[in-house]
Each structure stands twice: as structure tokens, then as C-alpha cells.
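Chains A and B supply the protein sequences, listed in that same order.
Sequential numbering of the first sequence, starting at 1, is according to the UniProt record's numbering.
Sequential numbering of the second sequence, starting at 1, is according to the UniProt record's numbering.
Straight-line C-alpha distance at most 27 Å; calculated DSS-like pairs for lysine-lysine:
id	chain 1	residue 1	chain 2	residue 2
1	B	LYS69	B	LYS115
2	A	LYS12	A	LYS116
3	A	LYS306	A	LYS258
4	B	LYS78	A	LYS90
5	A	LYS175	A	LYS97
6	B	LYS115	A	LYS12
7	B	LYS78	A	LYS97
8	A	LYS97	B	LYS82
9	A	LYS36	A	LYS111
10	A	LYS258	B	LYS189
11	A	LYS97	B	LYS115
Worth flagging that the hints you see were computed from the coordinates, not collected in a lab.
The residues making up each chain are set out below.
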Amino acid sequence: MKEAAAQLWVEKYRPRAVSEVAHQEEVVATLQKAVKEPAGRGDLPHLLLYGPPGTGKTSTALALCRDLFGPQHYRSRVLELNASDERGIKVVRDKIKVFAQIAVVSNVNTKGPDGKTYPCPPYKIIILDEADAITRDAQTALRRTMEVYSRVTRFIIICNYVSRIIGPLASRCAKFRFNPLPMDAMKGHMRRIAKDEGVKVSDETLKFLIHSSDGDLRKAINTMQSAHRMQSDTDLDMDSISAAACLVPPSVVAAFDKATTAKGHTNTSVRKAVDEILSEGYSPIQLLAQYADRLNRRTQSEGVSKMNDMQKASLALVIASAEKALIDGCDEKIQLYDVASSISRIAHAPEDIQVLKVV
Amino acid sequence: MSTEGLLWVDKHRPSTFSELSYHSVLTKNLQSLSNTEVPHLLFYGPSGAGKRTRVHCVLRALFGQVVEKKKVVHRTLKVETKQIEVTTVASAHHIEVNPSESGNNDRLVVQELIKDMASSAPLDMKKSLKVIVLHDVDQMSQLAQQALRRTMERYSKTCRVIMVAESITKVLEPLRSRCLGIRVALPSKSDIGVVLQSVAHKEGITLPDALVQRIAETSGRNLRRALLQFEATRVSVGALELPSDAQVMLGDWEYVCQDLAVMLTRSQTAHQLIAVRKKLQELLAHAVPGDVILRRLLEEILRIADDEICPEICRVAAKFDRNLTKGTKPIFHLEAFAARFMQIYAAFLKQQAAMMD
Chain A
1 MKEAAAQLWV
11 EKYRPRAVSE
21 VAHQEEVVAT
31 LQKAVKEPAG
41 RGDLPHLLLY
51 GPPGTGKTST
61 ALALCRDLFG
71 PQHYRSRVLE
81 LNASDERGIK
91 VVRDKIKVFA
101 QIAVVSNVNT
111 KGPDGKTYPC
121 PPYKIIILDE
131 ADAITRDAQT
141 ALRRTMEVYS
151 RVTRFIIICN
161 YVSRIIGPLA
171 SRCAKFRFNP
181 LPMDAMKGHM
191 RRIAKDEGVK
201 VSDETLKFLI
211 HSSDGDLRKA
221 INTMQSAHRM
231 QSDTDLDMDS
241 ISAAACLVPP
251 SVVAAFDKAT
261 TAKGHTNTSV
271 RKAVDEILSE
281 GYSPIQLLAQ
291 YADRLNRRTQ
301 SEGVSKMNDM
311 QKASLALVIA
321 SAEKALIDGC
331 DEKIQLYDVA
341 SSISRIAHAP
351 EDIQVLKVV
Chain B
1 MSTEGLLWVD
11 KHRPSTFSEL
21 SYHSVLTKNL
31 QSLSNTEVPH
41 LLFYGPSGAG
51 KRTRVHCVLR
61 ALFGQVVEKK
71 KVVHRTLKVE
81 TKQIEVTTVA
91 SAHHIEVNPS
101 ESGNNDRLVV
111 QELIKDMASS
121 APLDMKKSLK
131 VIVLHDVDQM
141 SQLAQQALRR
151 TMERYSKTCR
161 VIMVAESITK
171 VLEPLRSRCL
181 GIRVALPSKS
191 DIGVVLQSVA
201 HKEGITLPDA
211 LVQRIAETSG
221 RNLRRALLQF
231 EATRVSVGAL
241 ELPSDAQVML
251 GDWEYVCQDL
261 AVMLTRSQTA
271 HQLIAVRKKL
281 QELLAHAVPG
291 DVILRRLLEE
301 ILRIADDEIC
311 PEICRVAAKF
321 DRNLTKGTKP
331 IFHLEAFAAR
341 FMQIYAAFLK
351 QQAAMMD
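Produce the entire structure from the sequences given, and follow the hints as far as they go.
Dropping the structure here:
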């Protein structure tokens, strides 16, 4: 097995330098300035990077460290802690504090083994990745540590939800929001990877792939790699993308729509459709999400009755409560029976919406 | 390996791709995956579809016969003051763990044990990969799943994770996006028929087609269940030639659920409710989980109730299912469902009678 072949594309194409990070211009500009500043002044603040998954937070942090220290000093200067490490209050007190205390030699502007000059400012960096999972107690214990050792240590805190970080920590950091990647930025990136890896993919399929990954570049890349594995000799098509991304194929969603709203169906046939979907092993939540999407965009199509806004709105309520129930761990079959039979009821009785409220 | 005393489900479990009988497209895909580079995999699908069997076939294709030599290892993890017992099944190239067995401590299992295994390079340098199989990933806590995220990326050069879950609803999105999802659907009724006949052939049993049909029907397309039912039927008949009218055995609790549905439709009085409650309590006392009872009861009720009131029954069932999941005492919610159904049904009957007049 070849070494390169076994590598995940996400790792292979992870940006090596801050300038390579896709799309996040504001963040990139600010951080690049910090790298280029006359080194030794150490004027990088603590950073708080937040935003949805797959937008380049971890990549930016790692690339920044690489830009600052170069491969030679990277290991001694950077401590990376993520949710796979124990990060309770004890670790904050022992490991983080100890690492933060160590003073560093100021070997400014060192030449790396690759001949490039790295600023190598006189501080260390602690990256706290996936910080949403750090307990409040541990975060509280970090407060003073961040301030006291700020001469020799900078923190980069990375999280999805900034609200999970306690206020005192957030206020000690410069905050950077990472936005979901827009279609065009993703497309350029994906095209480049596809070209390098010899993936044959049409524009339309690529669009579907990007649309289904909601601005999450990692998800898009992973999906493409998985689909490519399954189907390496021909062009990628939508079915293989759906399979690789654990989506419900559009045709199944359409069939579900038809089974619940088409003329001449009975309650028994509706339930049969649900049984069929469940025994195929599709994810009910995914089905609901895609169905809701379809519901919003739908116009009159063949065999499917038209719905007015009131009907759609009340269906959204039903779907929302079922989604919540599924997340809470309710039974998939019972919840889907409810959704499916409600759809059929609403679709055929536009004036009967009030009935649904009574349980 | 001696096959004496094994259940047929285990005895006739396929261990190579060529022995798998249904889902031929999937088998072909898995085969081509195993020949080249394997990504992290996430097998998902209903119970009894053959997920573990396929995982095993992948391992077999990757490493050969060696993976059959498995041994069970009990490990004790010491984290601070806690001691956690973990049971693993391991061969030279792979290790199987079910972190959710450790309950609330599953996060520590992931952080300590799995990271440890993932980060150490495999012993045999010729095979540059080792595989960690995680069972019941959907039962793992959120924190434990979080802890897997970076581990899967960081050690992707030396280690592959194969996860098995019944439903991907409860698998975190970041984990899902790191894996190649493999959906294993339930076999169709004719697929089940083929498997049953081949097992019957190997065991030297004559199995009439009508009986195959009925087993496939009652098993709900769950292959494991179908095989167990077949074996149970064979034991209860006690001969090598099964009559086509042999009774297919269901679980006792399923008969009780059938009775309950009939009781609820027969009369709707407080008296009847007390009788129903007694049965429900009996079921719970025999450790049948509340949600399983509710689902089965709903299925039985829907089978006999009139088509018109079905949507309303589903709606009510969904509500009590939500309450049941949140609450701690299943009996209240099951009883509430029974009472609510009685009310709906009685109103429906009254309406029917009024229309007759």
C-alpha cells in the first residue's frame, strides 16, 4: 500500500501557510500582518477562532504556527490540545500551566532547514481545539493563567459556538469569525483537488456536492474522496455522492413525497412507504431535512398535490417536533408514522389544519 | 474451529466476500475498497441486516485468515481515581471495542484506550494499517464522539476506524463527514428465502416454500431473527422434514402485545383498562423495554383499527413516545397511550353508530 494513497485528501490538501487558507480574507490579512510584523515584539494577541465546521479554523491555527516557528521549532513551541485529550480542571492546572510557564529563548528570525527565515517570536502557542467541550470549571481556571503568562505564551482557542466559551475568556481574546464558504470559493478549491487527483466530475454534480455540504469544505472533500473510491473509473454521479455523504437519494425523497400526497393513497400505503424507507436503512433525520427542503421549493409537479403556505407552515411544525424527538432518542418508526400520516392528512384537507393541534 | 453447539446464525455466518449472498453491488464495492485503500468506514442500517458480517469480511479481505484468531482481552483503565473495565476482542491486526458498554465513562475509553491504540504503529510492518472496530457508535455519548474527531484525522496514516451503528441519526455530523458511510439495507423477503434454503440444505433439512414465506413475513426482513425463528421451529417440530403448516415461533411478549390490541378494541371501560395495565406491568417486569412495547402495540393496533382513525393514533403514539423517552417510568406513558386510544376508538364507534341510525 502506497503511503500517499492511504492519506486522506483533507490532510493532504490542508493549507501549509496562512496565505493558502481558502476564502477567509479578513482573518488571513490580519494574521499575515502579525507574521510579517518586525518580529521579537510578539504582538500577536490571544486568538479566539469560531465558526461552523469545515471552514478552516484548525487549518489556520496550525498554518499560523508553522509560519511563525518553522518546522524546526514547531514541536517545542506549540502545544495542541483537542477533545481527544483529557482537559479537565486538573490538566489546566498541571499540563497547560506548566507549559505556559516555561520561558523561551528569543532566537528571532531563525533560518529553517528549508532555507526560509521564520520570525520565531519569543513566545509559545497553546492551541485549544474544539474548546466547546472544555468544562466551565476548567475555563474558569484558565483565566488567570492566560494573563499571568501572556509574556511567554499565547492561546489560540477554537470552537464552533462562541456562546460556549465563558465571557471572561472570550474578552481576553481577539475574535475571528469564520464564515461558511460560498459556492464559488468551494468550487475553485474542489476543482483544483479534482484535477490533482484525477477525479472526473461534471459541473452539475460538483454543484450538487457543494450544495449538499452546506459550506463545509472538509465534508465536501471527504465526500468527493469517498465517492471517488467507490467509482474511480467513471464520472462521479449524484447517486454515488448521495451514498458517500449518507444522504437520502433524491429519488427516495420524491417517492416519499408522492406516497404521502398522491391521489388514491390510503393510510396503510403511507405506512408501507415508511416501513420501506426504514428497512433500507436511510436516516430519518436526513429524510426529514431533505423533505423539508423539497417542501419549501416545491411547485406543482406530477401526481403531487399543491400546498398553500398555511399547509406548508403547519407541516414544518410537525417536522420540527419529530426532529426534536428523534434527536432525543425517540423511536424512528413511530415518529415517521406520525409525520407521514400528518402530511397526508394536511395535503388532502387544507381547511382541517386545526385538527393537528389537538393531541 | 469446532461448530458444535453453535446457533445456526453463528455457524453459517459468511466470513468472506464470496460467501455473501445478497447486496451484490455493495459487496463488489467493498471488495474493490479492500483491494486498494480503505478509508474510515461507517456501517449503518437496521438490526439484522448483516453489518457485522460485512465488517468481518472486510477485515478478512484486508488481513487474511489471521483475523479469525481472535482473543478476548479484559483491560482495566486507570484514570485518576476511576477504574474502568473494558472488554476487547483482538487479533494481530485489529481490535474490537464497544465503548458504550462503559456507560458514562465511554469518553475515557476513547481518550485513553483508542487513542493509545491508534497512535502506536502496527507490529507487522508489511501491513501498514491497523483497524479499530467500534460497535454501537450511536449509543456513545456526545463527549465520547467528540473525542474521536481529531484522533481519526491525526492517526489516519497508521490506523483505520470502522464504526458500526444502527442509525446515523445519533452519530455526530463531524464523525460522519470523516467516514465513508456504508448503508446496509435489510435483505428482501426473497433474499431471506435464499439464505434459509441454503442453511436448510447444509443442515439436511427439508423446508417447504410456504413455511419460508411465513418466516420471511414474520421476521420483518431481519435475517438474524429469521434464522433464529427457523431454528426454533426446527427444534419444536423435532424432525428433519418440516411440515408447511408448522407454527413459526414468536416471542412471548409479542403474543401479549397482540392480545393487548384486541383487548383495547373489544371494550373501552375503566375495568378493561385495569386488565390492560396488569398485562403491561407484566411485560415491563419481564424486562421488555417501554419503547419496544409501544412500537409493537402501535403496529398491532394499526393492523386491526379502521383506516380513518390511524393518523390520529399515530399522532397520539408519537406524543407518548416523546414523553416515554423523556420520562423515567414507562408504565405511566404506556397506560396513558392505552387510555387515549380507548377514548379515540370509543368516539369513533359512537360516530359510526350515529351514522347508521
